[in-house]
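Q: Residue numbers (the numbering used here), protein chains in the order written: chain A, 99 to 238; chain B, 5 to 244.
Don't take every hint at face value.
What the hints assert, rightly or not - A few chain A residues that don't get close to chain B, going by computed Cβ distances all over 10 angstroms:
no.: 1; residue: K165
no.: 2; residue: T173
no.: 3; residue: T178
no.: 4; residue: Q187
To be verified - Each pair of labels, with its calculated beta carbon distance range:
no.: 5; chain 1: A; residue 1: A235; chain 2: B; residue 2: L107; range: 22 to 28 angstroms
no.: 6; chain 1: A; residue 1: S209; chain 2: B; residue 2: T177; range: 24 to 30 angstroms
no.: 7; chain 1: A; residue 1: Q199; chain 2: B; residue 2: D15; range: 36 to 42 angstroms
no.: 8; chain 1: B; residue 1: A110; chain 2: A; residue 2: D223; range: 19 to 25 angstroms
By construction, these hints were calculated from the structure, which means they are not laboratory data.
Idealized CB from N, CA, C, for every residue including glycine.
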Amino acid sequence: MKRALPVLVLSVAGLIPVWRYAPSTATTASPAPAATPAASDPSASASSGAASGAAAVVRGTTVDTEKGPVQVEVTFDGDTITAVRMLQQPQHPQTAAAVPQLVEETLAAQSADIDTVSGATVTSDGYRESLQAALDARGA
Amino acid sequence: MGFPVSLRVDDPGVPESAADAVFAWLRDADARFSPFRPDSEVSRYGRGELARRELSADLTEVLGLCAHYRTATGGAFDVRPPGRPFDPCAVVKGWSVQRAAALLTAAGARRFCLNAGGDVITSSGPWRVGVRHPELADRLCTVLELTDGAVATSARYERGDHIVDGRTGLPATGLLSVTVVAPTLTVADAVATAAFALGAEGVGWAAGQDGCEVFAVDAERRVLRTPGFPAVAGERAAAA
Numbered sequence: 099m100k101r102a103l104p105v106l107v108l109s110v111a112g113l114i115p116v117w118r119y120a121p122s123t124a125t126t127a128s129p130a131p132a133a134t135p136a137a138s139d140p141s142a143s144a145s146s147g148a149a150s151g152a153a154a155v156v157r158g159t160t161v162d163t164e165k166g167p168v169q170v171e172v173t174f175d176g177d178t179i180t181a182v183r184m185l186q187q188p189q190h191p192q193t194a195a196a197v198p199q200l201v202e203e204t205l206a207a208q209s210a211d212i213d214t215v216s217g218a219t220v221t222s223d224g225y226r227e228s229l230q231a232a233l234d235a236r237g238a
Numbered sequence: 005m006g007f008p009v010s011l012r013v014d015d016p017g018v019p020e021s022a023a024d025a026v027f028a029w030l031r032d033a034d035a036r037f038s039p040f041r042p043d044s045e046v047s048r049y050g051r052g053e054l055a056r057r058e059l060s061a062d063l064t065e066v067l068g069l070c071a072h073y074r075t076a077t078g079g080a081f082d083v084r085p086p087g088r089p090f091d092p093c094a095v096v097k098g099w100s101v102q103r104a105a106a107l108l109t110a111a112g113a114r115r116f117c118l119n120a121g122g123d124v125i126t127s128s129g130p131w132r133v134g135v136r137h138p139e140l141a142d143r144l145c146t147v148l149e150l151t152d153g154a155v156a157t158s159a160r161y162e163r164g165d166h167i168v169d170g171r172t173g174l175p176a177t178g179l180l181s182v183t184v185v186a187p188t189l190t191v192a193d194a195v196a197t198a199a200f201a202l203g204a205e206g207v208g209w210a211a212g213q214d215g216c217e218v219f220a221v222d223a224e225r226r227v228l229r230t231p232g233f234p235a236v237a238g239e240r241a242a243a244a
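Bound-form chain A, shown alone (with noise of 0.2 angstroms):
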């Protein structure tokens, strides 16, 4: 673990740049002052053991940004860190860039051979209007 720990203090110090980052903000960012070894965190499952190669899980503290808090986990196998989780980070549209871009098209009614048809819950009386009760009756 004594290795372990200036790691993980990098890792934070590294992490909470891409969490400020803005073009106008240069404020210094402030390093975990110290990380909470996994032992006494019920929820870091990993073993522990001092031998050597076990896995343990490090829980950084957390730390304040201007975004709000930030907090992170870090998995060592050995002395090498095998994953990182954000346990806290803020409600930002910077957090939220990591979805997936969305395509948009123009809403089109179009007629297809389909196996099957979801829609919205359908109700029995809508069902008899339904594509899916043709479907059915062409089945049967």
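Please build the complex by placing chain B on the supplied structure of chain A, with the hints as guidance.
A: Showing chain B alone in chain A's frame:
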């Protein structure tokens, strides 16, 4: 809840009893989880007659899903919206139909298509699933091809303004229709309903959910979809 269920099984060796088991399970789920039946577990819990620890494992699981999506949508998806009774239908439906599909698989069915009130589970496709046009009941707005997965659509055209934005207590009106494709119907149905409750911002929200592809029609009749939505190529040109 009351919705028509269509089941097509293409495997020759699957007994009729497999389908019977599906319909029996769905009737049982309705009896236990319908908020429209005063004696159901859901109604009794809604009236405060049952404590959380007295609930069945199934309802506890459903409530866990409800809590997850309530948090994930900042309260827009809420099974207990302001001024309205407890109604977990939006989660119960997808969850119970997904269980029904598991019964089919356990009975040896491999290639099947289960449609419960417009929510679809497919197995060993390809299956071609049409999405109902939000304004023209006899037309489709897209067709997708699915091998193993689930499709759910939330919209206002069948039951009116029945999805409420839990943040305001008012009907959600930002979208005409939203369709979500996901590995399970448990996820697809909950994400579609939650996205509809969120309104316009729900499209991007749903697109960011794990394993979900989205096709939405907003109030201005614009289509917004994820690039990975499995629409059948060339279908749009053929529609003209």
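Q: Confirm or reject: T178 of chain A is not an interface residue toward chain B, with every Cβ-Cβ distance exceeding 10 angstroms.
A: holds (26 angstroms)
Q: At the C-beta level, are A235 of chain A and L107 of chain B separated by a distance inside 22 to 28 angstroms?
A: holds (25 angstroms)
Q: If I claimed the Cβ atoms of S209 of chain A and T177 of chain B lie 24 to 30 angstroms apart, would that claim hold in this structure?
A: holds (28 angstroms)
Q: Is 19 to 25 angstroms right for how far apart the beta carbons of A110 of chain B and D223 of chain A are?
A: The hinted range 19 to 25 angstroms is violated for A110 of chain B and D223 of chain A, with Cβ atoms some 34 angstroms apart.
Q: Should the label of K165 of chain A as a non-interface residue stand, given a Cβ cut-off of 10 angstroms to chain B?
A: About 16 angstroms separates K165 of chain A from the closest Cβ of chain B, which puts it past 10 angstroms; holds.
Q: Should the label of T173 of chain A as a non-interface residue stand, given a Cβ cut-off of 10 angstroms to chain B?
A: holds (19 angstroms)
Q: Is it true that the C-beta distance of Q199 of chain A to D15 of chain B lies inside 36 to 42 angstroms, as the hint says?
A: Holds, at about 40 angstroms.
Q: Would the least Cβ to Cβ distance between Q187 of chain A and chain B come out above 10 angstroms?
A: Per Cβ check, Q187 of chain A is outside 10 angstroms of chain B; nearest 13 angstroms; holds.
Checked against the numbered hints listed earlier, the structure breaks hint 8 alone; every other hint is satisfied.
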